[in-house]
Amino acid sequence: MNLLTVSGSPHVHTQQSVKSIMYGVVIALIPAIFVSLYFFGLDAARVIFISVAACLFFEWVIQKYLIKGPVTINDGSALVTGVLLAFNVPSNLPWWILVIGALVSIGIGKMSFGGLGKNPFNPALVGRVFLLISFPVQMTSWPLPKGLFGSGLTDAITGPTTLGVLKEGLNAGKTVQEIMASPDFPGYINDLLGAQGGSLGEISAIALLLGAVYMLSRKIITWHIPTAYIGSAVIFSGIFWLIDPSHYIDPAMHLLAGGMILGVFYMATDMVSSPMTPRGQIVFGIGAGLLTIMIRVWGAYPEGVSFAILIMNAFTPLINNAFKPKRFGEVVKNG
Amino acid sequence: MKTFKLGGVHPEENKISAAEAIEVLPLPAKVCIPVSQSLGAPSKVVVEKGAVVRTGQIIAKGESFISSNVHSSVSGKVTKIDDVIDTSGYKRQAVYIDVEGDEWEEGIDRSPEIIHDILPDRDTIIRKINEMGVVGLGGATFPSHVKLMVPDGKKAEYLLINGVECEPYLTSDHRLMLERGEEMIIGVKILMKALGVNKAFIGIEKNKQDAIVHLSVICSKHPGIEVVPLKVKYPQGGEKQLIKAVLNREVPSGKLPIEVGCVVNNVGTALAVYEAVQKNKPLIDRVVTVTGKSVAKPSNLLVRIGTPVSALVEFAGGLPEDAGKVISGGPMMGKALTSLDVPVVKGTSGILIMKGAESKRAAALNCIRCGRCITACPMGLEPVLLAQLSENQLFERAEKERIMDCIECGSCHYTCPAGRPLLDYLRLGKNKTGILIRNRGKK
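Residue numbers (UniProt numbering), protein chains in the order written: chain A, 1 to 335; chain B, 1 to 443.
Wrong hints could be hidden among the right ones.
[Said to hold, decoys possible] Computed footprint of chain A on chain B, listed as stretches where at least three residues anywhere in the stretch have a Cβ under 8 Å from a Cβ of chain A:
1. 283–297
2. 313–325
3. 375–384
4. 423–433
Keep in mind that the hints were calculated from the coordinates and are not lab data. Every residue, glycine too, gets a C-beta built ideally from N, C-alpha and C.
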């Protein structure tokens, strides 16, 4: 008789694996990838390719020659970081800046802490914020959508983003209504579809939401962080808007413009760097929503999503500690 | 549809043998009966080597309060009293008997006639259950008479009968409910009488619709007994989860069901109680599911206690070529066997043969902190944290995080996408924390 395997229970396991989760995120990102290709053409393909290739390369080099441990570049996590990093930069970003971003994402954001599962911050956001601070000019000159083969939807080559236009206009003393009436301003429909300037992946809310629905249905993410994040951002920005609509944009514009949808569904929900209990996730989401609006309204940068999520990432261990799951039989404490 | 709220998972069901009627397994040539087959103190052997025993004769006596009697399941000659490695993997003292014929002890009623009239006397009922060695057949094998002796100051309000059978693959309770429902309900009434309660609920998961219907029809003739259909969710068969599902009451941490006025018994136990009290029949056999994806003839077998597992596997068509793992019990909580020579005991609910490919664990990867183990834990614990504390030997902290509340259902390990052996760490941690607590008690 062949030898029997002996191991502890349970003897059956769920089909879901780290790999299936990571590739699930990649699948969810596909609609947004297509939208970015449609609007930014080959530039988008170039940015995504370089970012992904660089992330995989650095993960491989570091695991093989620096850590000298097992190489896990096929687990999908570096691929996710690569796509997300590409989604967070303009389509005309020079290749070497992208490579630096990938090195920071993988090397500092992930591997310096011990690799997948041990990084306190979302690696793609670490890379993005590093680039934003180091190369502010290149990182904020947004090419406008020009179509797949460069035929061009508008004549301009670069232009500011929705939030950028707003910040500039408000700083110059204009009211929100005046800014929104200007021809530069993309408006709600363009924000929704993606016909606007911006980072590769944040321009089309619809494509991102499609992927989010997919992730929710496959239980790759749960509703807790997105709902809390959007809820708190809407309420907080709504208060400002109700107080003075000429100085503060309405909550719907906050949601559609900038990286809110991308951040809410794809970065804030990163399981490694967000809290583990549902209650903790709600607190995390509320915090990120408040910080995003605070930075957008009062901060020096027009956009606040990246900073807000990174700041909340830092609170994750504390939140995990403070918000324990509901315990069974807790009714009698000292019984 | 009722169910418990906190945690839980839904493993693939694979109830392959659900339609197979219970068959009687032919008597084996030899049996090996471990003398301690319940929780609590070991029982004391009362037969000697060379003795001739009859079926149903007592061979080991439970002498402590929490302990139980063991009877010979066959007639024949005691060849030796020696250790055996049982399903738990530990050595246990056992009585080896060579089977000769099938001579039963006098006074055991073997007729198929169903006896409906119940003894009114509570003490006699409990004494009989004790004498006949009835223990919980759900797997934990707690001596049944102990559960019926409600401690002073506590009061039983409800009897809960566990017909959940939430383990994938297992169907023995399902078949019992379908084929022996009438007798089982009399067993339930006996238990109600012993406890002095007038309300009993039988919890059955929705994937056994035929059993729900069948028992509901029988119960309509017995006021006070009610079938409660439950949503399919593992581990609903855990008594704390069952009480929560049926009555929405939570047993406090570290306490027994009686704290919330409940006593829980398995459906198989109810039948054993019927046989013990009405028929004077000791617990010497039980229904065991023999199943697996590549098993030739998945079956539900009525097996004498002490029969080697190999005889069951043989009856079901032999060990398949691709067998990689043989499990006593279900795939979620069962124990992997090292050998097919181990005997069937009172707690053996099934023998599951898994294919080689299914039986290997996936390599454990880094924890990705997804929190799925926390969401899956039916006790509201944080398995990821407890496993970490256990790995780092921080048992005092583990105790504060209530590691002792873990019911070892395995939902955390089941659900972990990184394949981390969380339950292995939790078991280790519970063991060490238990030692810590007991040593503290001594000082």
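Taking beta carbons only, do three or more residues of the stretch 283–297 of chain B come closer than 8 Å to chain A? violated (count 0)
Cβ contact check, 8 Å cutoff: the stretch 313–325 of chain B against chain A, three residues minimum: holds (count 4)
Check, residue by residue, whether the stretch 423–433 of chain B contains three or more positions whose beta-carbon lies closer than 8 Å to a beta-carbon of chain A, and give the verdict. Satisfied; 3 residues make the cut.
Taking 8 Å as the Cβ threshold, is the statement that the stretch 375–384 of chain B is covered by chain A upheld or broken by the three-residue rule? holds (count 8)
Hint compliance for this structure: hint 1 alone is broken.
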